[in-house]
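Visitor: Letter by letter, the chains look like this.
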Amino acid sequence: MSLFFKVPLDIEVRLDGEDSRETVEVKSAKGRKEKLPVYKDGETVKGQVSVRLKDNKRVEHLGIKVQLLGSIETKVDGIKNDEFLSMAHELASPGDLRHPETYHFEFRNVEKQYESYRGKNVRLRYYIKVTLGRKSADVIRERELWVFQKNQLPLGATKPDASIKMDVGIEDCLHIEFEYSRNRFSLKDVIVGRIYFLLVRLKIKHMELSLIRRESCGAPPNQVNDSETLVRFEIMDGAPVRGETIPIRLFLGGFDLTPTYRDVNKKFSTRTFLSLVLIDEDARRYFKQSEIFLYRE
Amino acid sequence: MNQALDSKTLEDSLLIVKQQITLMRKCLESKNPQFMDALKHASTFLSELRTNKLSPKLYYELYVLVFDGLAYLSDFLKESHQTNHLADLYELVQYAGNIVPRLYLMITIGSVYMSIENAPKLEIMKDMLEMSAGVQDPIRGLFLRYYLSQKTKELLPTETESELKETIQFTITNFIEMNKLWVRLKHQGHSSERERRLKERKELQILVGSNLVRISQLDQIDKFYYKESILPKVLEQIVQCKDSLAQEYLLDVIIQVFPDEFHLLTLDDFLQSTLHLSEGFSMNKILVTLINRLIDFQKREPANVKVIISELSTLTLQKDEHEENHTEESDSETTKPQTSSNLFEKFYDYSHLLVENKPELNFKDLSLILEAICKLSLSYYPQDYENINKVFGFALALIHQTTQHLEIWEPLLKTPICYNFDPKLVLSLDDNYKQFASALPTAIQSANALYILEKFLEQDVRLSTVEEVKTLYELLAVWFTSEDSSDSNTNSLLFGTDSSKNEPDESPEVVSQYEALAKSIHLIHHTNPYKHFELLEIAKSFMSKSGSRVRYTYPTLLFAVIKLIRKLTIVQKLNALKLKQFCQFFSATNTELLTLVSNGTLQSEGGVLAQTCMNLNLSMALILDQSSHIDLSYEFFINSFVIYEESIVDSRLQFQCLLSIIGTLHKCRNIVNGNEDNFDVLISKTALYGSKLLKKTDQCRAVYLASHLWWIIEELDEEDEIESETAKTSEDELQVVIKTDNKKVLECLQKSLRIADSCLETNVSLELFVEILSRSLYFFIHGNELITIKYLNGLIELIQNSILTIGEENTSIDTPTKHFQRTLEYIRQQAQIDSRFEEIKDR
Numbered sequence: 001m002s003l004f005f006k007v008p009l010d011i012e013v014r015l016d017g018e019d020s021r022e023t024v025e026v027k028s029a030k031g032r033k034e035k036l037p038v039y040k041d042g043e044t045v046k047g048q049v050s051v052r053l054k055d056n057k058r059v060e061h062l063g064i065k066v067q068l069l070g071s072i073e074t075k076v077d078g079i080k081n082d083e084f085l086s087m088a089h090e091l092a093s094p095g096d097l098r099h100p101e102t103y104h105f106e107f108r109n110v111e112k113q114y115e116s117y118r119g120k121n122v123r124l125r126y127y128i129k130v131t132l133g134r135k136s137a138d139v140i141r142e143r144e145l146w147v148f149q150k151n152q153l154p155l156g157a158t159k160p161d162a163s164i165k166m167d168v169g170i171e172d173c174l175h176i177e178f179e180y181s182r183n184r185f186s187l188k189d190v191i192v193g194r195i196y197f198l199l200v201r202l203k204i205k206h207m208e209l210s211l212i213r214r215e216s217c218g219a220p221p222n223q224v225n226d227s228e229t230l231v232r233f234e235i236m237d238g239a240p241v242r243g244e245t246i247p248i249r250l251f252l253g254g255f256d257l258t259p260t261y262r263d264v265n266k267k268f269s270t271r272t273f274l275s276l277v278l279i280d281e282d283a284r285r286y287f288k289q290s291e292i293f294l295y296r297e
Numbered sequence: 001m002n003q004a005l006d007s008k009t010l011e012d013s014l015l016i017v018k019q020q021i022t023l024m025r026k027c028l029e030s031k032n033p034q035f036m037d038a039l040k041h042a043s044t045f046l047s048e049l050r051t052n053k054l055s056p057k058l059y060y061e062l063y064v065l066v067f068d069g070l071a072y073l074s075d076f077l078k079e080s081h082q083t084n085h086l087a088d089l090y091e092l093v094q095y096a097g098n099i100v101p102r103l104y105l106m107i108t109i110g111s112v113y114m115s116i117e118n119a120p121k122l123e124i125m126k127d128m129l130e131m132s133a134g135v136q137d138p139i140r141g142l143f144l145r146y147y148l149s150q151k152t153k154e155l156l157p158t159e160t161e162s163e164l165k166e167t168i169q170f171t172i173t174n175f176i177e178m179n180k181l182w183v184r185l186k187h188q189g190h191s192s193e194r195e196r197r198l199k200e201r202k203e204l205q206i207l208v209g210s211n212l213v214r215i216s217q218l219d220q221i222d223k224f225y226y227k228e229s230i231l232p233k234v235l236e237q238i239v240q241c242k243d244s245l246a247q248e249y250l251l252d253v254i255i256q257v258f259p260d261e262f263h264l265l266t267l268d269d270f271l272q273s274t275l276h277l278s279e280g281f282s283m284n285k286i287l288v289t290l291i292n293r294l295i296d297f298q299k300r301e302p303a304n305v306k307v308i309i310s311e312l313s314t315l316t317l318q319k320d321e322h323e324e325n326h327t328e329e330s331d332s333e334t335t336k337p338q339t340s341s342n343l344f345e346k347f348y349d350y351s352h353l354l355v356e357n358k359p360e361l362n363f364k365d366l367s368l369i370l371e372a373i374c375k376l377s378l379s380y381y382p383q384d385y386e387n388i389n390k391v392f393g394f395a396l397a398l399i400h401q402t403t404q405h406l407e408i409w410e411p412l413l414k415t416p417i418c419y420n421f422d423p424k425l426v427l428s429l430d431d432n433y434k435q436f437a438s439a440l441p442t443a444i445q446s447a448n449a450l451y452i453l454e455k456f457l458e459q460d461v462r463l464s465t466v467e468e469v470k471t472l473y474e475l476l477a478v479w480f481t482s483e484d485s486s487d488s489n490t491n492s493l494l495f496g497t498d499s500s501k502n503e504p505d506e507s508p509e510v511v512s513q514y515e516a517l518a519k520s521i522h523l524i525h526h527t528n529p530y531k532h533f534e535l536l537e538i539a540k541s542f543m544s545k546s547g548s549r550v551r552y553t554y555p556t557l558l559f560a561v562i563k564l565i566r567k568l569t570i571v572q573k574l575n576a577l578k579l580k581q582f583c584q585f586f587s588a589t590n591t592e593l594l595t596l597v598s599n600g601t602l603q604s605e606g607g608v609l610a611q612t613c614m615n616l617n618l619s620m621a622l623i624l625d626q627s628s629h630i631d632l633s634y635e636f637f638i639n640s641f642v643i644y645e646e647s648i649v650d651s652r653l654q655f656q657c658l659l660s661i662i663g664t665l666h667k668c669r670n671i672v673n674g675n676e677d678n679f680d681v682l683i684s685k686t687a688l689y690g691s692k693l694l695k696k697t698d699q700c701r702a703v704y705l706a707s708h709l710w711w712i713i714e715e716l717d718e719e720d721e722i723e724s725e726t727a728k729t730s731e732d733e734l735q736v737v738i739k740t741d742n743k744k745v746l747e748c749l750q751k752s753l754r755i756a757d758s759c760l761e762t763n764v765s766l767e768l769f770v771e772i773l774s775r776s777l778y779f780f781i782h783g784n785e786l787i788t789i790k791y792l793n794g795l796i797e798l799i800q801n802s803i804l805t806i807g808e809e810n811t812s813i814d815t816p817t818k819h820f821q822r823t824l825e826y827i828r829q830q831a832q833i834d835s836r837f838e839e840i841k842d843r
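So the protein sequences, as listed, match chains A and B.
The opening position of the first sequence corresponds to residue 1 in the UniProt record's numbering, with each subsequent residue numbered one higher.
The opening position of the second sequence corresponds to residue 1 in the UniProt record's numbering, with each subsequent residue numbered one higher.
This is chain A alone, in the form it adopts within the complex (with noise of 0.2 Å):
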């Protein structure tokens, strides 16, 4: 097929500044790991599109434009595509083309609304799409750019700024009492907290603290929900006795974590669970789960 079928032409996607723009590491569907430029919200996107002719033949075309687009992928019951934003540029009108030939292109401040984001059941990608028309199929080329909404304020946070405190236990076996600072955090940020333990009857091994990130994507009947355990850290060796205060200290620069999102062109949501879990001896565990906010600075 792909014999029959022989593309006549390649066409490259350039990006301005490319070698110089910061980038970042993103896994591929298929495990590999790719490098994507990085883009602001309002920022200009434009490149040059080269067009090369194989075997230096004539090439006969509909014409060929360039699209930013911007798209959630959902992969509930079957993939679907859904579109937020499209931007079009004709480069060329049908025609032959006969010797290779580059086009500039230029999105002037481009609103990106949302972050890039690729989960386990959604993906938002924005990517530069050129598409050279022809008779038979059309020759297409989609380069994917990276997007990271800096300054954005957390969504979704119910009050300002609150300390998460909180009391809880099982009767006659464990009351523990924990505090974290805060409940929004930056993606570099600190968390920060400690736990009291009021009255331990279990006999604990260790306890942990991780980072769940929960994805939830459809609308409510069809919802689905997907989590994924993004960090695990120890902070307590041992079973401590009343009266004892555990200090928490987790930083979070390190590790691959989404700011919360909250339906995302009403299509999903991703949030963030700080998961205090305690492990007894016989590897009985006990969680409590609380949702903190994560934003982008």
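Because the hints were derived from the structure by calculation, they are not lab data.
The structure displayed is predicted, hence computed values, not measured ones.
Be a bit skeptical, because a hint or two may be false.
As the list claims (entries may be wrong) - In silico PhoX-like cross-links for lysine-lysine, where the CA-CA straight-line distance does not exceed 25 Å:
1. Lys33/A - Lys40/B
2. Lys358/B - Lys285/B
3. Lys203/A - Lys53/B
4. Lys188/A - Lys40/B
5. Lys205/A - Lys186/B
Starting from the known structure of chain A, fit chain B onto it as the hints suggest.
Guide: Same frame as chain A, now just chain B:
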């Protein structure tokens, strides 16, 4: 089984650690150090420390190896800290998922960071300390915190006051946390492993104690700061941990590591807190150690002690003033500061509190504590005897509460005597001590009494007041009072119940006791002989209680009296009235002794005792004669004779007694001159006793010896020449004639000759003949006119004939024959200087 498993686990872990250390070093030593990889290896080998399968001892082995590995890492960091920004690294290691490796890495990097100039030392310290709380497992936590303290010990800042405070705070907090972990270890695991748990905890104790050592090594701490800020916190923790092993060990560490002066200053606080320690805590060990340290301190630096005590009193004074200002109370408590700086008072009051607050405290501990307090008082306040009495008052109260294990009090009983022996102290012990002593078993009492007495004898302590004599003998009271009732008890204990009560064979202990007691009489001394006598009377009043055992002590007492009389005679101050008193005392005492003989309690010993009595009488008679109290002397001779007649039954003893009588009479001078009639009565009686002896040989010898009593001549030594000039003028020879009665002498000799002749055994009579010859020669030499050459020749002939009759060859007469030969030899020699002898026929 279990152990093998343990060591297998250890070996596995050690192997992994070694491998990882090697890998880590490779990463660091390569040209482009791969620091991140090195950290990863470090983290891997640190993960081995997460194990909970090792006993503390084995865990320690693992720890040591890991420590070395980390030391390598920190050396590297120190050298390359320019390239690796330490603050970043410090943050980087925070990402380690497991807490134990994370904290070890953190401390490793943190300590390197601290060693660099301008580093935020205090923040790092605090952070590391705070984070260490994450490890709650006792063993792992202890080692981690130990690591923290080891790594930071050289780096803790002490330059400024606030830094010093932080450093101390840091160390104390670490100490408190470690102690909590250590105590918690007790409650872990199965209850059947409690023994093992205890052993393990003992192995770990040094880790906890190291923090206190660290504080003590901070030179900048002065004693006031210690009192104000360090000790209270440490003590609070020790009290609160409610674990006797920890309390005992840590208090001991405090005592050992901090300087003596600190202890002196903080004594109140220290003692106060010990009152709140948990049950089962052996109080005595700590207190005794503390007191011993204080005592040593006093011995080493008495000057320094004084300074501190005065500081202490000013401190309390200030405090009181402060309090007074604060509460605006009247100055009713002005005396308080003085007493409160008295160490003894402190301990004494404390011991009362101890009993009140800790009813479970056993008496053994209390006795040891009191003993230590005693010693303290003796070394700090050697003059303050009242202290000791107080202690024993308290001990007395305690001992009344129990009747068991009384032997535990013995060391306390001996303390005032053996510790820095001071006779004055012993003599100022009051009733408390005596009652205390009497509450103890008699065996202990008498051993103690002997101990006291031996000390006195050793030091040759003179007793010169009534009180002293009384006190000493009251201390020895056990010997006087318990004799009959308990003696049988001790006997039955020692030798079984068979030993009959009327058998006066004393145990060696008793004999040595009484020997010492007899010696003690010689300790009594007063420059005024009459006062001295009074003291002796008191002594006697004590001795008289000891029943038949007075036989050990009375003779000494009587000799002491004789000694007194002699002394008075020499200074010529003998008062007749007093003398009579002496004599009455003497005869009364002697009679008491004699009653022992007459009532027969002593059986076989009786004769010997009677002889002693008689000899005592003779000695008394002699001394009275010398002091020219011839009538009294006569009385005592008569008494002696009475004893001889009534109490001396054994014929051998009789002979010996008779010899004593003859000897004593022969020494008398004044009675011969003053009242010759009396003397004649005495000597005739003596001769008569002699002739009435049972055995012929005894009779013979007694009679010829008695002959000397009629022929008393005092030969003067060269030195006496000048004094006895009168005698010299009257006689050519150097002799004073006191009594010469030629006829009586001859009679005696004749009589003895007759008796000798009547002996059936010829060899015996031959010996006697020779002896009589010797006597005759004596009298001949000294000018008895009735002993003539003819008489002597007759005797010699008689002897020679007897030898012939028996036959010279008979070996049974070897000895007398030789004796005879020597006598003849003597005669020949004499003949050369004395012409009279020439006429004696020899052969």
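Visitor: I'd like to know which numbered hints this structure contradicts. Please list them from smallest to largest.
Guide: none
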